[in-house]
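Chains A and B are the protein sequences, given in the same order.
The first sequence begins at 1 in this note's numbering and counts up one residue at a time.
The second sequence begins at 186 in this note's numbering and counts up one residue at a time.
There's no promise every hint is true.
Simulated restraints on C-beta separations [as the list claims (entries may be wrong)]: (1) B:A210 x A:A51: 41 to 51 Å; (2) B:R426 x A:V102: 34 to 44 Å; (3) A:G108 x B:L255: 45 to 55 Å; (4) A:L146 x B:L255: 13 to 23 Å; (5) B:H423 x A:M125: 26 to 36 Å.
Dumping the calculated SDA-like pairs for lysine to any residue here, alpha-carbon to alpha-carbon at most 20 Å [claimed, not checked]: (6) A:K163 x B:N353; (7) A:K163 x B:G327; (8) A:K163 x B:F322; (9) A:K163 x A:I119; (10) A:K163 x B:P320; (11) A:K163 x B:G326; (12) A:K163 x B:N281; (13) A:K163 x A:H134; (14) A:K163 x B:D274; (15) A:K163 x B:L324; (16) A:K163 x B:A352; (17) A:K163 x B:Q273; (18) A:K163 x B:S325.
Just so you know, the hints here were simulated from the structure itself, not pulled from any lab data.
Ideal Cβ placement from N, Cα and C applies to all residues, glycine included.
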Amino acid sequence: MSPRFWLAAYLLAVVAVSFLHEPLWLAIILLAVLLAAGRLAPRLLWRALLAVLLVNLMVSGGYVALSLWQGNPWALTVIRLNLRVLLLTVLTLWLAARIDLVRALSVGPASRFLAVVAINQILLMRRLVQDYRHAFRSRSVQPPRLRDHYRSAARQGVVLMDKAQAQAESLSQGMRSRGVFDDRP
Amino acid sequence: MIVLDGVSFHHEYGVALDNVSLHIAAGERVVLLGANGCGKSTLLKLMNGLLLPQQGQVLFQGTALTHGQLRDRRWSREFRRQVGLLFQDPDAMLFNPTVAEEIGYSLRQLPVEERDRRIRHWAAELGLSDLLDTPPFRLSGGEKQRLCLAAVLVLEPALLLMDEPTANLDPRATGWLVDFLLDLEQVTTVVSTHNLSLAAELGDRALMLSEDHRLIYDGPLAAALSDQELLWRANLAHRHRRRRGEAVRIHTHQEWS
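Given the sequences, and given the hints that come with them, work out the whole structure.
As structure tokens, this is what we get:
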């Protein structure tokens with residue numbers, strides 16, 4: 001199967017999952033996806049859990065607190081929300097692990113170019129994040145406190161945004177200088 | 186002090202280091218040479234216990250760096266205190282709200298007076314005394330690099346690892362850094378660079394990595410810098426044509442910055 005087929009299948013699956021509201025079905029599909037992923041499954045599940053943990057905890061906690069305060073039921077909604085986000089994340093990670101995204105998005109020269117640019121940005125950011133995590137670990141003689149984690153994460157966020165902006169700016173200047181926007185009115 | 190025994194490291198894109206063995210004794214000043222992407226940063230991170238090799242082992246004062254060993258809090262604390270790593274990008278290391286807090290980040294186990302004394306001492310040593318209340322992100326590139334150095338040296342490490350410390354510095358800041366490192370006599374240093382014009386000032390012993398990620402030279406720095414063939418092989422020298430009037434001849438450079 002071609003990368004484009006898998007990309008189309010993924011997009012269809014995302015739309016289908018958005019229409020499903022029954023937690024049991026979401027759980028069954030999640031299990032089926034994990035079974036289909038074979039030996040990749042444990043790693044996919046672990047990475048997906050790590051990716052969604054913080055945001056899902058905050059959103060679920062907030063929803064539960066608000067529902068308890070207003071006396072509304074919350075369990076079904078929280079289970080549905082968490083299952084759906086986890087399923088979509090597993091699907092996305094599975095797609096990224098399985099196909100060459102550049103080839104999948106190459107429907108024309110412009111889309112291929114944009115895919116390469118986007119993936120380059122992602123790879124650059126990933127390298128920077130890894131470097132920042134290493135530096136934080138290297139400097140932490142004592143186990144870091146919550147405050148240190150917060151400060152480090154906040155600073156990383158700002159620096160990454162600055163670097164992404166600078167990179168995007170030089171990239172667009174490079175594209176302009178090579179005539180990419182010349183056919184615009 | 187630190188030993189690498191048959192160390193290989195692979196990342197997802199391929200080999201980063203291939204079967205590297207070396208031994209660095211206390212008091213040595215080592216310069217790690219190699220072209221971009223040959224594995225210099227990976228080697229320094231392995232020595233700092235941030236990465237662990239897939240093959241071979243890294244030993245610090247006779248103890249192998251392993252997941253289990255680094256999870257031993259007491260040992261790990263002492264290891265982090267004794268081995269400092271200066272990252273190439275100063276922004277990777279700075280996250281505290283003021284210069285003073287940045288320098289004192291690793292010292293919270295010390296009594297307040299001792300911590301303040303050390304912060305003031307290292308701020309003065311690195312010319313940062315007037316900036317103690319300044320947020321690090323407001324500093325210039327050279328000041329950030331000095332702050333990172335202060336943040337590492339405040340622990341008084343026995344082994345200082347530096348990843349391309351002059352890469353982001355202007356000529357004046359570079360000169361200052363070289364002078365500062367020359368005066369740093371009690372510390373074993375490993376400095377990575379591909380700037381051969383500076384290498385001679387940074388140490389006495391050279392380790393050279395080739396582009397196929399192997400250690401191709403371990404010996405006196407002066408001999409390495411005068412071996413054109415070796416530098417060419419490591420992609421640390423370049424050749425080009427030079428026009429002098431009517432004559433065109435091949436000219437070899439090893440000055441690289």
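Query raised in the report: For this structure, which hints from the list above don't hold up?
Result: Checked against the structure, no hint fails, so every one of them is satisfied.
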